[in-house]
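Participant: Chains as they are written, first to last, in this note's numbering: chain A, 1208 to 1806; chain B, 1208 to 1806.
Note that these hints are calculated values from the structure, not bench results.
Predicted, not measured: the structure shown is a model, and the values here were computed from it.
Treat the hints with care, since some could be wrong.
Which copy is meant is left open, because identical chains are indistinguishable; a pair holds if it fits in one copy or across any two.
Unchecked claim - With a straight-line cut-off of 30 angstroms between C-alpha atoms, the simulated DSBU-like cross-links for lysine-lysine are:
| no. | residue 1 | residue 2 |
| --- | --- | --- |
| 1 | 1281 | 1397 |
| 2 | 1279 | 1397 |
| 3 | 1540 | 1432 |
| 4 | 1540 | 1348 |
| 5 | 1540 | 1708 |
| 6 | 1397 | 1348 |
| 7 | 1680 | 1708 |
| 8 | 1348 | 1708 |
| 9 | 1680 | 1216 |
| 10 | 1287 | 1356 |
| 11 | 1356 | 1432 |
| 12 | 1291 | 1680 |
There are 2 protein chains.
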Amino acid sequence: MSTYTPPLKEMEFVLRELAQIDEIAKLPGYEDSTLDTAMAIIEEAGKFASNVLEPLNRTGDTQGSQWQEGYKVKTPDGFKEAYKEFREAGWTGMSIDAEHGGQGISVAVNTLVEEIWRSANHAFSLCPLLTVGAIHALELKGSPEMQAKYLPKMVAGEWTGTMNLTEPQAGSDLALVRSRAEPQGDGTYKIFGTKIFITYGEQDYTDNIIHLVLARTPTAPEGVKGISLFVVPKFLINEDGTLGARNDVNAVSIEHKLGIHASPTCVMQYGDHGGAIGYVVGEENRGLEYMFIMMNAARFAVGIEGVGLSERAYQRAVAYARDRVQSRDVGEKGGASVPIIRHPDIRRMLMSMRAQTEAMRALAVVTGAAMDHMKRNPDEQVRQHSRAFVDLMIPLVKGWSTDTAQNVTYDGVQVHGGMGYIEEAGAAQHYRDARITTIYEGTTGIQANDLIGRKIGREGGRTALAVIAEMEKFDAKLAKATTPDLVAIRAQFASAVKALKETTEWAIANFNGDIRGVFAGAVPFLKMWGITASGWQMARAALIAQQRLDAGEGDATFYTSKIATTRFFADHFLAQASTLKHVITAGSAGTLEMAEEAF
Amino acid sequence: MSTYTPPLKEMEFVLRELAQIDEIAKLPGYEDSTLDTAMAIIEEAGKFASNVLEPLNRTGDTQGSQWQEGYKVKTPDGFKEAYKEFREAGWTGMSIDAEHGGQGISVAVNTLVEEIWRSANHAFSLCPLLTVGAIHALELKGSPEMQAKYLPKMVAGEWTGTMNLTEPQAGSDLALVRSRAEPQGDGTYKIFGTKIFITYGEQDYTDNIIHLVLARTPTAPEGVKGISLFVVPKFLINEDGTLGARNDVNAVSIEHKLGIHASPTCVMQYGDHGGAIGYVVGEENRGLEYMFIMMNAARFAVGIEGVGLSERAYQRAVAYARDRVQSRDVGEKGGASVPIIRHPDIRRMLMSMRAQTEAMRALAVVTGAAMDHMKRNPDEQVRQHSRAFVDLMIPLVKGWSTDTAQNVTYDGVQVHGGMGYIEEAGAAQHYRDARITTIYEGTTGIQANDLIGRKIGREGGRTALAVIAEMEKFDAKLAKATTPDLVAIRAQFASAVKALKETTEWAIANFNGDIRGVFAGAVPFLKMWGITASGWQMARAALIAQQRLDAGEGDATFYTSKIATTRFFADHFLAQASTLKHVITAGSAGTLEMAEEAF
Chain A
1208 MSTYTPPLKE
1218 MEFVLRELAQ
1228 IDEIAKLPGY
1238 EDSTLDTAMA
1248 IIEEAGKFAS
1258 NVLEPLNRTG
1268 DTQGSQWQEG
1278 YKVKTPDGFK
1288 EAYKEFREAG
1298 WTGMSIDAEH
1308 GGQGISVAVN
1318 TLVEEIWRSA
1328 NHAFSLCPLL
1338 TVGAIHALEL
1348 KGSPEMQAKY
1358 LPKMVAGEWT
1368 GTMNLTEPQA
1378 GSDLALVRSR
1388 AEPQGDGTYK
1398 IFGTKIFITY
1408 GEQDYTDNII
1418 HLVLARTPTA
1428 PEGVKGISLF
1438 VVPKFLINED
1448 GTLGARNDVN
1458 AVSIEHKLGI
1468 HASPTCVMQY
1478 GDHGGAIGYV
1488 VGEENRGLEY
1498 MFIMMNAARF
1508 AVGIEGVGLS
1518 ERAYQRAVAY
1528 ARDRVQSRDV
1538 GEKGGASVPI
1548 IRHPDIRRML
1558 MSMRAQTEAM
1568 RALAVVTGAA
1578 MDHMKRNPDE
1588 QVRQHSRAFV
1598 DLMIPLVKGW
1608 STDTAQNVTY
1618 DGVQVHGGMG
1628 YIEEAGAAQH
1638 YRDARITTIY
1648 EGTTGIQAND
1658 LIGRKIGREG
1668 GRTALAVIAE
1678 MEKFDAKLAK
1688 ATTPDLVAIR
1698 AQFASAVKAL
1708 KETTEWAIAN
1718 FNGDIRGVFA
1728 GAVPFLKMWG
1738 ITASGWQMAR
1748 AALIAQQRLD
1758 AGEGDATFYT
1768 SKIATTRFFA
1778 DHFLAQASTL
1788 KHVITAGSAG
1798 TLEMAEEAF
Chain B
1208 MSTYTPPLKE
1218 MEFVLRELAQ
1228 IDEIAKLPGY
1238 EDSTLDTAMA
1248 IIEEAGKFAS
1258 NVLEPLNRTG
1268 DTQGSQWQEG
1278 YKVKTPDGFK
1288 EAYKEFREAG
1298 WTGMSIDAEH
1308 GGQGISVAVN
1318 TLVEEIWRSA
1328 NHAFSLCPLL
1338 TVGAIHALEL
1348 KGSPEMQAKY
1358 LPKMVAGEWT
1368 GTMNLTEPQA
1378 GSDLALVRSR
1388 AEPQGDGTYK
1398 IFGTKIFITY
1408 GEQDYTDNII
1418 HLVLARTPTA
1428 PEGVKGISLF
1438 VVPKFLINED
1448 GTLGARNDVN
1458 AVSIEHKLGI
1468 HASPTCVMQY
1478 GDHGGAIGYV
1488 VGEENRGLEY
1498 MFIMMNAARF
1508 AVGIEGVGLS
1518 ERAYQRAVAY
1528 ARDRVQSRDV
1538 GEKGGASVPI
1548 IRHPDIRRML
1558 MSMRAQTEAM
1568 RALAVVTGAA
1578 MDHMKRNPDE
1588 QVRQHSRAFV
1598 DLMIPLVKGW
1608 STDTAQNVTY
1618 DGVQVHGGMG
1628 YIEEAGAAQH
1638 YRDARITTIY
1648 EGTTGIQAND
1658 LIGRKIGREG
1668 GRTALAVIAE
1678 MEKFDAKLAK
1688 ATTPDLVAIR
1698 AQFASAVKAL
1708 KETTEWAIAN
1718 FNGDIRGVFA
1728 GAVPFLKMWG
1738 ITASGWQMAR
1748 AALIAQQRLD
1758 AGEGDATFYT
1768 SKIATTRFFA
1778 DHFLAQASTL
1788 KHVITAGSAG
1798 TLEMAEEAF
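Extracted from the complex, chain A is given alone in its bound form:
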């Protein structure tokens, strides 16, 4: 059986060398985010994950959360107790600013802590994840009274939070939201409507749940500019902070899903018995705008799910490949059967899983570090520069990493052969769990449209071209390397950057003239950006690794492995850039040609 172990050496390397955590620790408010402190936190998280969360992962899958009479949800055996331990150990407030009662660790470090939760128990981790989202909304736009009422309990994990956006007719298209909020004249509203796909909309962990709900007031304009954000607690809160009356909100059913079975995905009914009492957050009609401000954090968080699930799938596949003995070495006529990790195709899959996981992690942590600078760097120009970089990277971290996690968890099943298809082996669960990540919080298509439209087309590609210029600058440095691996890596990186630049310029040039043609290539464009941007971080890592090897410093096995992994990534993934350029710039003809009726 494979057990989860956080990849500590790799995490330390990424923080130290790629995220440059020493620079983050200089930022006001992040003085505690030193490498030593970070690694201490990560090690603790790793222990908690391995000892408490991971052993429940399969139980969670087989039992699932169950809806029960009285609008209750029973989470799988052990989850309630694990949540209590998780909360008591202080993990719920890890990323929340100290002024609201959290530990305020830097985003770069938190990225790895979150990765660990996802690796160990994706479905469990969604409850604290959604709570953090609700906390952010209240931190951002809640009144001081509202903050005082809800935040301490939520940060401490004593209450959890949910985000209620989707309705049956309004998925990606929130303009179609129909839930109503009727002002009662006393500052409160009565909320009516049905919300679907509400993660942990009901649970048995805590005695209250704070729902954040999008709805329309009677005077609201149509479309996206008429949506307001409300707080709707499951139990109202008395003046003294104790729990009051049960509010008119109920989980009327939960979905039967492909994966993340332990995470109850609820249909929430508001106002079936007179109206759920809600309180507006910020101003009326600005709900969607608030959602957009929180969107980067939410999408980033889902991107990390891709990393965590990939790491876990990789570890499980390696364990199986070492253990499973089958067939002789290729080219051997006689001799005994060998562990399948010896077979070239199994190695190819394991390398592919490993290389992609490292690439995703590097991209996520570097983006996390930029989020830290965006938030705390005293230099306004650095903050602006970081924000632009983050805005460009978010669709990659979300869209590309979750898409890539599909390949990784797919190979995780494949390495297991027949056992991969048997649920007991565990590989299939990662595959099923991962499948949601390209869908929720905006599908891959929506991330790709965000990248090509909002992030590049709309600003004439300013940030995108600036980031490509940074890649070119790094390429000039990489071009001086002389080892065969680095020369090979550089060749693919340089070609990929060139193709990326030409393709991005093509997209900018055609954005107004052939918008359907440009958008037809949006997902391959996202993929091209994801591969090249993460390949850039991998190439940075390989160059540093070579410098350490040349200097005779540190763990030689780690550094040579990092170079091998980057070499693999270059020849198998960066090498796709030329094809992707063709697909994007020439592929729309075939995409758009056929008559709609002919499908």
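On the provided structure of chain A, position chain B as indicated by the hints.
Facilitator: Then chain B, alone, in the frame of chain A:
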């Protein structure tokens, strides 16, 4: 809700134009395989599939087959009755030669009939599929008495058949088979051992099951040359053909799988109560050799699963995309929300699903037609030529098509957005069901090793280069086309063939010198061959479609769609050839570099 409809126009086109069914109908024994007869059969199969099999597909998934006390298996509600109908309608013997009581339809036609069963109810269809496998074994090597005893009942579907190869320690590596067969001196054997992953090893459809079992006799040499094939009926057969004593073989459990829940995957225990009575098929110690003879048919059949599941996933996705209204047209500022089929990225996914499905189907049916010529063509040279072609194509039909079906069913989920993750929507089932197809009957890695090793390396690439020469010959014809679509298709096809040739020559040249390096690229090599060989069939189809359009013949919408689909396939898939060449010829360094301990 989406319902299944067989793509009749497309099927007719493929039979008529690509498989050249008129030529098949001239072969002795296939006189009935005219286009008209074929289409009549296909239409009937389509009706049966839509009316009887498809309505059970989701029930089959949610209920699954259940193991019950007394070593029984209860199949899902309605399956037993559907099997009875299926059998009574004569479908079980459709592909079996008339001399053994079947209808003897040509492989090309049967390919499409089988596709229809897979589309409608993959899990159901596995029982007749395995029975055909067992029938082939008995047709091939069973004694006349054995054939007389078993074949009539099996061909009529009154008894089903199974194939028992795998053991816990012996998956792909059948050299490790340990099941024992002890001769009793009366021509019978007693069989002892455990077999796993036995599809329909037990069921409640029929009153007997004929198991074909690999086992070793006490005097057998070690390894693959000491394996014999036995018939082990669940109930022994009396002299008069009635059922006799219950044999000592039991399904002791069934697996919990990712998909194909209705298909019971059994652990079979032989000989726990004194030994299961078995009869040797053919000669002792030649069991694996017999398996190899049947392997093409078995792998071909699994390849068709890829086609069928892809077609079904495509139809479901199109239905959803037409129905689901969400967001405005790209580039529109105001206006109403539109059906998502309007959105360029949804169209890209639908086109991708469609193009890949048509490519897989074309490859399968053309290979099926070659199997017909291999079997029945009076010209020995044509038979040999066809056999070589078939041998080369089988790993593509199995390995590439099933791998491609993963992409197609993946997109099928993605088109559904959030609903894709909800099991009720049905898209997730196709995704889960399809996942087995790259695993059983030899994983993709094993197909790729077969291609690069047995089919190309071992014969110095003779057949492979001859097939590439045929592609070049067709390319010269295609080069004369002048419409923009055909010019674009030709550009990608010509590049792909060139890259394929260079890569194949590289593989041949390095097969002895760097065998690990060559095998490290086996799966990308399989993919390259799959894309190019199926792209060749698509390009043939597009050229014919253009000729029909030019002549003003036939259904213009069908022909223009065929050209658009081929254009898409060219720009999105054939365009990958240059990258694949790099991955194969340069990618092994990264694959093989890292120390095994460092994983």
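Participant: Taking the hints in turn, state whether each one holds.
Facilitator: For each hint, the structure was consulted:
Only within a single protomer do residue 1281 and residue 1397 lie at most 30 angstroms apart by alpha-carbon distance; the minimum there is 28 angstroms, versus 51 angstroms between protomers. For the identical chains of this complex, residue 1279 and residue 1397 are intra-copy neighbours only, at 23 angstroms inside a copy versus 57 angstroms across copies, given an alpha-carbon limit of 30 angstroms. For the identical chains of this complex, residue 1540 and residue 1432 are inter-copy neighbours only, at 14 angstroms across copies versus 72 angstroms inside a copy, given an alpha-carbon limit of 30 angstroms. With identical chains, the CA atoms of residue 1540 and residue 1348 are at most 30 angstroms apart between copies only, with a shortest distance of 29 angstroms across copies and 71 angstroms within one.
Taking the shortest alpha-carbon separations for residue 1540 and residue 1708, only the inter-copy value of 29 angstroms comes in at or below 30 angstroms, while the best intra-copy value is 50 angstroms. Only within a single protomer do residue 1397 and residue 1348 lie at most 30 angstroms apart by alpha-carbon distance; the minimum there is 20 angstroms, versus 78 angstroms between protomers. When the C-alpha separation of residue 1680 and residue 1708 is checked against a cutoff of 30 angstroms, the pair qualifies only within one copy, where the shortest distance is 13 angstroms, while the shortest distance between copies is 38 angstroms. For the identical chains of this complex, residue 1348 and residue 1708 are neighbours neither inside a copy (39 angstroms) nor across copies (63 angstroms), given an alpha-carbon limit of 30 angstroms.
For a Cα distance limit of 30 angstroms, the shortest separation of residue 1680 from residue 1216 inside one copy, 28 angstroms, qualifies, whereas the shortest one across copies, 55 angstroms, does not. In this assembly of identical chains, the alpha carbons of residue 1287 and residue 1356 lie at most 30 angstroms apart only when taken from the same copy (24 angstroms versus 61 angstroms across copies). For the homomeric pair residue 1356 and residue 1432, the shortest alpha-carbon distance inside one copy (28 angstroms) is at most 30 angstroms, but the shortest distance between copies (77 angstroms) is not. For the identical chains of this complex, residue 1291 and residue 1680 are neighbours neither inside a copy (49 angstroms) nor across copies (71 angstroms), given an alpha-carbon limit of 30 angstroms.
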